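There are 2 protein chains.
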Amino acid sequence: MIIIKIGGSVITDKNSKYPKLNKKNLKRVCKEICEVMPFPLILVHGAGSFGHPIVKKYDIIANPNKKGFCIVHYWVKKLNLYVCRYLLKYGMDVVSIQPSSCIIASDGFIDYFNVKIIERYLEKEIVPVLYGDIVLDKSLEFSVISGDQIVRYLGEKMKANKIILATDVDGVYDKDPKKHKDAKLIKRIKPEDKIKLKDFKEDVTGGMAGKVSELLKLAEKGVKSEIVNAKKKNRLKKLLLGKRVRRTIIG
Amino acid sequence: MIIIKIGGSVITDKNSKYPKLNKKNLKRVCKEICEVMPFPLILVHGAGSFGHPIVKKYDIIANPNKKGFCIVHYWVKKLNLYVCRYLLKYGMDVVSIQPSSCIIASDGFIDYFNVKIIERYLEKEIVPVLYGDIVLDKSLEFSVISGDQIVRYLGEKMKANKIILATDVDGVYDKDPKKHKDAKLIKRIKPEDKIKLKDFKEDVTGGMAGKVSELLKLAEKGVKSEIVNAKKKNRLKKLLLGKRVRRTIIG
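These protein sequences, in sequence, are chains A and B. What the first sequence shows, in the working numbering, is residues 413 to 663, in sequence order. What the second sequence shows, in the working numbering, is residues 413 to 663, in sequence order.
For reference, chain A alone in the conformation it holds in the complex:
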């Protein structure tokens, strides 16, 4: 089973201060996945500008408040509807799974999540589509559960064969490629390379250090990940077809 995480930075205009779709990328990425139609598959997408600016505006992290909760919830759901729309359009049978309907967190981490329904959809050859959402939290009031956290949780719980992070960068660099012209793409990171993580502090692209740290934990359990640039046409598609593309393998 493959889990593909589509980055919010790919399908939305990440720098926008209000929810703004990158429709061109969204359509292309959905099309690329549907042209290969891998299965069993779980899709997870990030929130991009449908989440982050609103979380910030309502100061949800420092001051969990229900007005902000409800507005974020609305917008990420709206983004999910767009994603499902194009997947359906290009022929994939998808069902959206709303995290805030079925997840309860504790201290910012998934605590209760009955994945039985997801398993049933997969048995029926329907692709569940999850997304970064804001959910109830036992200890905090609410907490933001990122797409990355959902990927990590499902990857382990459902014993995924492979995880693909479709992002807006080619992979993991040894230094921040936006600052350093001599930054080099790391082709492979193994669990025993943990020490190298220190170097990622300079890498500010989408919390890459955090992503790698999570993916290394999965790698230790035998789940391999690949980070690929889905902003580049056909790169995700080629990867899904088993072709060699520029990327970072973790595991």
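No wet-lab data here; the hints were simulated from the structure. Treat the numbers as computed from the prediction; the structure is a model and nothing was measured. Hints should not be assumed to be uniformly reliable.
Heads up, the list lumps identical chains together, so a pair's fine if it works in one copy or across two of them.
[Stated by the list, open to error] The calculated DSBU-like cross-link candidates involving lysine-lysine, where the alpha carbons are at most 35 Å apart (straight line), are: (1) Lys571 with Lys429; (2) Lys596 with Lys550; (3) Lys478 with Lys599; (4) Lys429 with Lys602; (5) Lys528 with Lys633; (6) Lys478 with Lys649; (7) Lys650 with Lys550; (8) Lys571 with Lys435; (9) Lys468 with Lys429; (10) Lys426 with Lys593; (11) Lys536 with Lys469.
Let chain A serve as the given structure and place chain B on it in line with the hints.
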């Protein structure tokens, strides 16, 4: 705790062959509820033309198929997003609860439904908004779970004080008011009046006989219901304010 069911016939153009919103009604009904702001409250809405024509087109009842399932799922979710949009606009803190994310049916009836998350949202004074949806079924492939069935289930399980069905008719008539000019509105039906149900066979407005039968079962358990015409301006609002309006009380 009150449960309000907003009929699909009120907020959509029920006779349309494709999904068509009745935006004017939707906005007005949301505004009326938000002007009173009853709490604790659970909202449930029907699918109207966002569900029925698609269920029919894909022949889902006779021939459960995943393509039809996914398309229906998409459209009812879209309707739910509209409903949440206007409730938020008029100041209500709402969270949508997607039935297909948390319900599994058996033979067409709700079998698994963990209402813990709904209780938590209510504790936080957030109004859960559910809707008629298509869900996994243990015995059938999929089954349509109507808003009415959700109302009945939650009414009993969560011990509602009152249920209000906001429909497109004034209440329950002794005969079909569209056929018989002398049809009279029945102001109250008590559980011991069960026998009268026979008369409803002529009443074709939105499966009223089925609704009444379900509501009588709830009445036997002490949950009173009221059927009111939400197409008439301010009638729902007046009812929520405790004023006397034309309606049928069941229980």
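Against the structure, the hints come out as follows:
1. Proximity of lysine 571 and lysine 429 under a CA criterion of 35 Å is satisfied in neither setting, with 37 Å inside one chain copy and 43 Å between copies.
2. Taking identical chains as interchangeable, the C-alpha atoms of lysine 596 and lysine 550 are never at most 35 Å apart, the minima being 42 Å within one chain and 52 Å between chains.
3. Proximity of lysine 478 and lysine 599 under a CA criterion of 35 Å is satisfied in neither setting, with 43 Å inside one chain copy and 39 Å between copies.
4. Proximity of lysine 429 and lysine 602 under a CA criterion of 35 Å is satisfied in neither setting, with 37 Å inside one chain copy and 56 Å between copies.
5. With identical chains, the CA atoms of lysine 528 and lysine 633 are at most 35 Å apart both within one copy (22 Å) and between copies (32 Å).
6. In this assembly of identical chains, the alpha carbons of lysine 478 and lysine 649 lie at most 35 Å apart only when taken from different copies (25 Å versus 40 Å within one copy).
7. For the identical chains of this complex, lysine 650 and lysine 550 are neighbours neither inside a copy (42 Å) nor across copies (38 Å), given an alpha-carbon limit of 35 Å.
8. For the homomeric pair lysine 571 and lysine 435, the shortest alpha-carbon distance inside one copy (32 Å) is at most 35 Å, but the shortest distance between copies (45 Å) is not.
9. Taking the shortest Cα distances, lysine 468 and lysine 429 sit within 35 Å of each other inside one copy (10 Å), while across copies they are farther apart (42 Å).
10. For a Cα distance limit of 35 Å, the shortest separation of lysine 426 from lysine 593 inside one copy, 23 Å, qualifies, whereas the shortest one across copies, 61 Å, does not.
11. Proximity of lysine 536 and lysine 469 under a CA criterion of 35 Å is satisfied inter-copy only: 21 Å between copies versus 40 Å inside one chain copy.
Consistency with the previously given hints fails for numbers 1, 2, 3, 4 and 7, ordered from lowest to highest.
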